[in-house]
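Peer 1: Sequence:
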Amino acid sequence: MRVSVWAPRATSVDVLVGQERRPLEAAAGGWWVDAVDSPHGTDYALSVDGGPARPDPRSAWQPAGVHGPSRVFDAEQHQWRSDWAGLDVRGRVFYELHVGTFTSAGTLDAAVEHLDELVSLGVDVVELLPVAPFNGRHGWGYDGVALYAVHEPYGGPAALQRFVDEAHARGLAVCLDVVHNHLGPSGNYLATFGPYFTAAHHTPWGDAVNLDDEGSDEVRRWICDSALRWLRDFRVDALRLDAVHELRDDSERHLLAQLSDEVAALAATAGRPLSLVAETDLNDPSSVAPTSEGGWGMTAQWADDVHHAIHALVTGERHGYYVDFGSPAALRTVMRGAFLHDGRYSTFRGVDWGRPVPPGTDGHRFVVCAQNHDQVGNRGLGDRPSERLPVGLLAVEAALVLLSPFTPLLFMGEEWGARTPWQFFTDHPEPELAAAVREGRAAEFGGHGWTEVYGGDVDVPDPGAASTFEGSVLDRSERDDPERAALLEWYRTLVALRRSVPDLAVGDLAATDLTWHGPDDADGPWSGVLVLHRGRARVVANLSAVAAHVPVDGALDVVAASAAYEPAPDGVTVPPRAVVVLAPPA
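Heads up, the sequence shown is in the working numbering, so the first residue is 1 and it goes up one at a time.
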């Protein structure tokens with residue numbers, strides 16, 4: 001390949017290969033191009049106007065870390081063995097995992113060794129947290145600085161190709177979490193090359209990525225080309241786009257609409273479905289509306305309100321953004337329309353928030369969960385629900401998510417009630433940055449109700465301590481415990497029901513409802529019986545500490561139960577903290 005770089009304000013650009021320095025040739029549009037082909041494996045760096053050696057903004061391989069030289073990567077060297085037709089991810093079961101903590105080895109190749117376990121569980125889509133390189137060895141991945149590369153400790157770009165190939169061979173689609181809204185604090189050299197950022201907009205990370213200011217056409221191209229590359233050269237099936245509400249774009253055509261149209265064109269060429277899933281805090285269904293109708297054209301979007309409604313109801317937590325949740329009525333609202341804040345007042349935000357989901361919208365366009373990396377990792381101690389809830393209530397949460405009209409997402413280890421925390425960890429080599437992150441994390445959890453949650457002051461783990469990372473690695477020996485093994489089997493049962501019972505398979509929000517027997521609200525964990533109506537099917541969840549008789553249409557058969565139940569002519573008696581699922585006879 002020939003090295004090329006966009007540097008519109010430069011008067012000269014050199015490529016450094018070993019001891020050789022050779023000038024790039026100026027081309028149209030502020031581009032600079034090497035006259036010499038560099039083969040796969042060639043290390044190189046770029047120097048703008050005689051300045052220090054920097055990695056390529058489109059570097060595909062950073063074997064020496066984010067400050068080191070780039071390395072040429074020929075994606076066509078991989079010989080694909082799987083004949084994969086693709087998968088429409090809507091309504092499918094997602095499984096979110098972090099490469100570094102999914103196994104003790106913390107690599108993509110090691111993760112492959114556990115893919116058969118996911119197949120056995122019934123997973124359809126493996127979602128990888130960000131793999132873009134960041135400084136240090138360990139981190140969540142949201143501080144990446146090389147959008148085209150793969151973190152070397154995970155195995156580098158070739159390992160990602162192998163992982164995708166192995167997943168496809170097992171019938172698993174792959175979704176890759178990508179971050180376009182900011183870059184990390186260490187190793188970001190983009191300003192050396194051009195106007196990648198603009199002061200016209202501000203984000204929580206500082207100046208916004210330049211999507212609508214001078215030079216933004218090439219910045220948008222830089223983002224879109226990165227996304228298309230994962231889908232084309234690595235055969236990834238879907239991209240999860242991080243915090244798209246921080247993509248500040250006032251141009252006539254939003255970046256996401258542009259990306260959606262380009263991905264649709266690539267899907268047509270490739271002959272397989274390609275998907276975009278947006279994480280957005282806006283509660284605005286225009287994210288999944290077609291671009292032809294002024295929407296962003298996303299395949300699906302995360303709907304955090306469903307998580308909040310389930311979590312607050314079961315745990316009784318009401319701090320921070322849980323303040324408006326915790327009642328059965330709130331759960332009914334989100335089960336029927338994805339959003340609680342659909343134009344109504346948000347106490348946490350202090351303003352009216354969101355818009356209602358239009359009638360007829362497919363519920364599968366909303367990704368929901370009982371756990372994910374944010375909802376676990378952004379707690380003061382990184383504790384999972386399984387640290388505080390009995391297994392019976394974990395079974396309730398699982399049923400509400402997996403048998404909902406939405407697209408369900410599981411977080412690694414959730415399926416057996418893993419008790420290993422998933423904490424916020426970093427590995428910043430710079431002492432000043434490490435100290436700032438440690439102090440900032442401690443200050444963040446000095447309020448927001450965490451003292452009430454934990455029953456005292458919170459001793460926040462040091463993000464940079466080795467023990468914080470090591471304690472977050474999954475412990476699969478937990479599955480040997482009979483109670484955990486039974487929960488794992490319950491998850492398998494729920495996924496199978498989702499596939500085998502027609503009324504549970506569809507995303508029909510109009511055919512979804514929730515009724516309850518118990519108080520309309522509670523100051524702590526709610527105690528009563530929920531009945532989730534999914535067409536003719538019923539999911540009866542007893543959250544109380546005593547058995548409950550629930551009248552149910554006699555034309556329904558019990559198709560699954562998380563614990564021993566007692567049938568009755570007019571319904572079913574559900575044990576404490578248990579779930580019974582009923583459906584029409586096959």
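Treat the hints as calculated values from the structure; they're not laboratory data.
Here the structure is a predicted model, which is why all the values come from computation and not from measurement.
Treat the hints with care, since some could be wrong.
Quick list of simulated restraints, FRET-style, between CB atoms [to be verified]: (1) Ala486 - Asp557: 21 to 31 Å; (2) Ala510 - Gly171: 49 to 59 Å; (3) Ala547 - Asp225: 29 to 39 Å; (4) Gln79 - Glu25: 26 to 36 Å; (5) Glu452 - Ser346: 45 to 55 Å; (6) Ala511 - Asp225: 34 to 44 Å; (7) Arg229 - Pro23: 51 to 61 Å; (8) Val119 - Gly524: 51 to 61 Å; (9) Glu20 - Gly350: 51 to 61 Å; (10) Val351 - Glu432: 30 to 40 Å; (11) Gly350 - Asp475: 36 to 46 Å.
Glycine residues also receive a C-beta, built at the ideal position from the N, C-alpha and C atoms.
Peer 1: Please name the hints from earlier in the document that this structure breaks, with their numbers sorted from lowest to highest.
Peer 2: Failing hints, ascending: 2, 3, 5, 7, 8.
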